Amino acid sequence: MTGPGGSRVLSLDSLVRIRRGRQTPDAPRRLPVPDGMTAPMGCDAVAVPARFGPLVLPRLPRVGCVYADDAHWWWLVPSDSDYALEWPAPAHYAAGAVLPDSPADTGAVGLPGLIHRPDGTLPYTPPIPLYLALCRLTGTTPVWSRPVTA
1 MTGPGGSRVL SLDSLVRIRR GRQTPDAPRR LPVPDGMTAP MGCDAVAVPA RFGPLVLPRL
61 PRVGCVYADD AHWWWLVPSD SDYALEWPAP AHYAAGAVLP DSPADTGAVG LPGLIHRPDG
121 TLPYTPPIPL YLALCRLTGT TPVWSRPVTA
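Heads up: the sequence shown begins at 1 in the numbering used here, then just goes up one per residue.
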């Protein structure tokens, strides 16, 4: 948007995104929702070791935003996608899409790069197909299929 005299005017959404993106020394690193996308259900992330990423991708009926670095691939999922689920090891569930290591701990300077962006405005990978794909790859029985013990 441009204002009078051709000056650039920022929308409230842009200002909020800029503020959230600012890093302070103690601020957690979060995976961002790309510009032009919305996360009406909040945003969490599921990470797997990088070697699993290419194996998970073709098993999903819909793929949302996927971020990657040398060590992990991260899928954005709706908030609370861990409710009543035990994500199989070595997957890591990150509430709020907060990365587990701080830059000071790892020496990292940036965030993982966005390697897949879906069409449309929602950044989510459906969590149940992602969970089932990870269970299959890791040989883990889904939580709802396990025997109940007293």
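These are computed hints drawn from the structure, not numbers from a lab.
None of the values given here were measured: they were computed from a predicted structure.
Treat the hints with care, since some could be wrong.
[Claimed, not checked] Taking CB as the label site, the calculated pair distances span: (1) Pro147 to Gly36: 42 to 50 Å; (2) Asp35 to Ser145: 16 to 24 Å; (3) Val143 to Pro49: 19 to 27 Å; (4) Asp35 to Thr149: 45 to 53 Å; (5) Thr121 to Ala150: 44 to 52 Å; (6) Thr149 to Arg117: 39 to 47 Å; (7) Asp119 to Gly139: 27 to 35 Å; (8) Pro129 to Gly96: 16 to 24 Å.
For glycine and all other residues, C-beta sits at the position ideal for the given N, C-alpha and C.
Checklist entry - CB of valine 143 to CB of proline 49, is that within 19 to 27 Å? => result 21 Å, holds
Checklist entry - So does aspartate 35 sit 16 to 24 Å from serine 145, Cβ to Cβ? => result Given about 40 Å between the Cβ atoms, the range is violated.
Checklist entry - Honestly, do threonine 149 and arginine 117 meet the 39 to 47 Å range at C-beta? => result Holds, at about 43 Å.
Checklist entry - So does aspartate 119 sit 27 to 35 Å from glycine 139, Cβ to Cβ? => result 33 Å, holds
Item to check | CB-CB spacing for alanine 150 and threonine 121 relative to the 44 to 52 Å hint | outcome: Holds, since threonine 121 and alanine 150 (Cβ atoms, about 47 Å apart) stay within the stated range.
Next on the checklist: If I claimed the Cβ atoms of aspartate 35 and threonine 149 lie 45 to 53 Å apart, would that claim hold in this structure?
Outcome noted: 48 Å, holds
Item to check | Outcome of range test on Cβ distance (proline 129, glycine 96; 16 to 24 Å) | outcome: Holds, since proline 129 and glycine 96 (Cβ atoms, about 22 Å apart) stay within the stated range.
Checklist entry - Lying within 42 to 50 Å: is that true of the beta-carbon distance proline 147 to glycine 36? => result 46 Å, holds
Violated hint for the displayed structure: number 2, the only one.
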